[in-house]
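As you go down the protein sequences, you meet chains R and D in turn.
The opening residue of the first sequence carries number 34 in my numbering; numbering runs sequentially from there.
The opening residue of the second sequence carries number 334 in my numbering; numbering runs sequentially from there.
Keep in mind that the hints were calculated from the coordinates and are not lab data.
Be aware that one or more of the hints could be misleading.
Residues of chain D clear of chain R, computed beta-carbon distances all greater than 10 Å [as the list claims (entries may be wrong)]:
hint, residue
1, Val406
2, Leu454
3, Phe457
4, Leu522
5, Leu744
6, Leu772
7, Glu845
8, Ala847
9, Pro851
For lysine to any residue, the following SDA-like pairs were computed, each having C-alpha atoms within a straight-line distance of at most 25 Å [what the hints assert, rightly or not]:
hint, chain 1, residue 1, chain 2, residue 2
10, R, Lys112, D, His887
11, D, Lys538, D, Glu871
12, R, Lys161, D, Thr661
13, R, Lys112, D, Lys538
14, R, Lys112, D, Lys774
15, D, Lys886, R, Phe94
16, R, Lys159, R, Arg178
17, R, Lys277, R, Val194
18, D, Lys538, D, Pro874
19, D, Lys886, R, Ala120
20, R, Lys112, D, Thr771
21, R, Lys112, D, Ala854
22, R, Lys159, D, Ala854
23, R, Lys378, R, Thr327
24, D, Lys886, R, Pro115
For clarity, every value in this text was computed on a predicted model and none was experimentally measured.
All C-beta atoms, glycine included, are put in the ideal place defined by N, C-alpha and C.
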Amino acid sequence: MQTRRALRLIRRSSAAACLLLASSMLIAQGTTPSTLAPASTPAHQIFDLSIFVVAITGGIFVVVGGLLAIALYRFRAQKTDPAGEPAQIYGSTQIELAWTVIPILIVVVLFLTTARIIFAIQDAPKPKAALDVTVIGHQFWWEFRYPKYGVITANELHIPVSSDSVPEATFLKLTSADVNHSFWIPQLAGKTDLIANHVNTMWMDPRTPGLYLGQCAQFCGSQHAMMLLRVYVDTPEQFDAWIKSQAQPTQQNPAVEAGRKVFERQACMNCHTVSGTAATGRFGPDLTHVMSRTTLASGAMDNTPANLRQWIKSPDTFKRGALMPAMQLNDEQLDQVTAYLETLK
Amino acid sequence: MSDYPLSVSHVIDPSTSTSERSTLLEKLHGWVVTVDHKRLGILYILYSTFFLLVAGAEALAMRIQLAYPHAHVLSAQVYNRFFTMHGTTMVFLVGMPFLFGFANYIVPLQIGARDMAFPRLNAFSFWMTAFGGLLLYYSFLGGAGLYGVGNAPDVGWFAYAPLTARSFSPGHATDYWALALIVSGFGTLGTAINIVATVISMRCKGMTLMRMPLFTWLLLVVSMLTLVTITPLTAAQFMLLIDRYLGGHFFDTQAGGSSLIWIHFFWIFGHPEVYVLVLPAFAIANDIIPVFCRKAIFGYPAMVAASVAIMFVSLSVWAHHMFTVGMTSVSNAFFTLSTMLVGVPTGIKIFNWIATLWGGRIRFTTPMLFCIGFLFQFLIAGLTGIMLSVSPWDWQLHNSYFVIAHFHYVLVGAIVFCIFAGIYYWYPKATGRLLNETLGKWHFWLFIIGFHITFDTMHFLGLLGMPRSIYTYQPDRGWNFLNLLVSIGGMIQGIAVLIFAYNFIVSYWRGEVAGDDPWDAWTLEWATSSPPPVYNFEEEPDVHSRRPLWDLKHPDDPDWEYES
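Given only the sequences and the hints, what does the whole structure look like? Please build it.
Here you go:
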């Protein structure tokens, strides 16, 4: 009778756990960077492994937690207890041996399964056709370099989709220009740290085109929370078109000549590059095609003319602690430089 | 056994002879100059209770900031200072002083000694720890003053280099952090040495090592582990200060230094530190669970062996905090295995506790309730620990809220629960009065409900991709509702802790008078009066088994007949 009640309790609590998991999946929106919705081989392999681990640990929880619940219920002090103390039991070598050996066996199984996935992901051979991208972490933004195409961009990574007919893996080389950061797009792969003087690698082969969100996962200073990350997985055609347009230098537009002069005379160019002009700074994001990006300041706000102007006027409005200084431009200069940047498509 | 500690206490502690007539100043003076292990134990516990409230308030402020997206309750910088101070405080100014407080008070009593082996070192260690804490908190005032919440450290409690370099952390906030940990670290080392010496050399007649109460055994293990783990931390802090002020390049990546050196040093300290904190929690549960189920602990030798095994294995697992820094696949596999192996001795402990309950007569008093909460939560924390040891999964979970949930399950669900259990259990010994049971049960139920609302939910936030250490988040990530839930749970825990604080203060005057042995317990501390006299025992006790008071209470059925 008591055992049956305890069993019911266990069944109910495991049902509650499933419900909680399901509800958290429901709460997740299309834009949630959920580890439970993998979209690339490494993320899939991790997810499958995690299901196996949850099954084993869940089983342990039900058995041990159940025994604990039964013990608490069955052996609670009652008025009907006989006087004196219960029988004193000091131990039992056989039982203790059993519950030492069984966990060791479980560890062996878990370890072998895990080791297989470690080697499968970490030591996966790199296909010859794989796309190489170098990721450089900065306080508080991302620099992406495509060495094969001579393209440099920031904060929004574009990579091609992979399919069975055209497998396209992207291999990232990660390092940092300053403090430690961590690259994490939960739906595509686990995270990998970006550390100065230390090049790490990771790879992914997303199967569905679309936008995948993530952010820096290693505390890196005051605006760590606003070091957001967007990965666009493009169809092969989209990707080719994108990389072609990014490789173009800037088209000089005489209408915004005044803005360009402000940009080049007010120290903006010390930190930013606009290829094809005198601006070759390296501290801030490359602005050659800044208008092709949907957000500014590593995802801190949408890329609109009004936001751009306010960002130049006072970066603190959006991201207090960002390293870009307010250049104290007057309204006219602000309008001019904003108009100039608006032409960098 | 010399009576040297006894005579020292008599000479230096003025309150013993003049307690009736002393003024407030004399009383305070007595507390400041005391070398009595019981008074120092109480000082440790009051000190860490105070910082528990401070760091808890910091946590609540952070939870208000995170209750909804894009909140402006705390600025980014203040949030970063708060989470750094919250973590540093809870580990160094709450966790360790609490355990040393219990150790100071209980260990000499349990082994029938009259004081610690080195009473003056004991006082020195406490004051070093205390001044370390004050130094850390002085940073709120010392830098730019309180406006904008001072110049407190904001590099995370793990303080990964090179963020701590002067180019990234100008000013003196990081120096306060490093110096405070060095100072309190010396205090910690002093106390650890003292506990080892006390347990090795001060045991009373008949108290062989294998007759020591498990509480004392585990504190011995913890103290040895502390000696090994605090040292690399202190060394790393010196290296950091050399980097910052003497032109060193240990962690200076621009000059060929390495961030990884810091990370290794920190976690060679940091992971065993988890066991330094959790083993005393086990120690408390080991003493309380048998008393309230009226049975001897099941498998005493196995419990001792498992604790010693945990001590050794815990020294080989540090790099499971580093699965994402780019180690080789072989290293990742090695640290996966070593971490999983910790589960074996830990499992033995849990099974032995359940076997102790089995066949007992469980009395659900407040200390026991907290221990039961501990058992359930520690089981879950152990299982999520297995999940995190699976290095590929850790690539997803590392630095996410799943990790935050996991280690709060250990630090709050296991350690704080056991600290509360220990306070409810030994408060009557230290004050002569019981804590109020009704308030205690309110405290327990509110705290455990709040705990689960907060920390169960955090696991799911981690699975949904929320990283730690962020002062705000985007509204489109699907984290809004869960974060609100976490914050609500935090507030409930806050209320529970306030009830506890009220109970703690008021019961000192109004609590029910406890008598020497209110729980009908079996270890030596319950053989003397409550509170015990300065000299603890009039005569040196003579011990024949692991439960000397059981032998006294059951002369017809003594333990020593069954123990080999």
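Numbers of unmet hints, in rising order: As far as the earlier hints go, 13, 15, 22 are violated by this structure, in ascending order.
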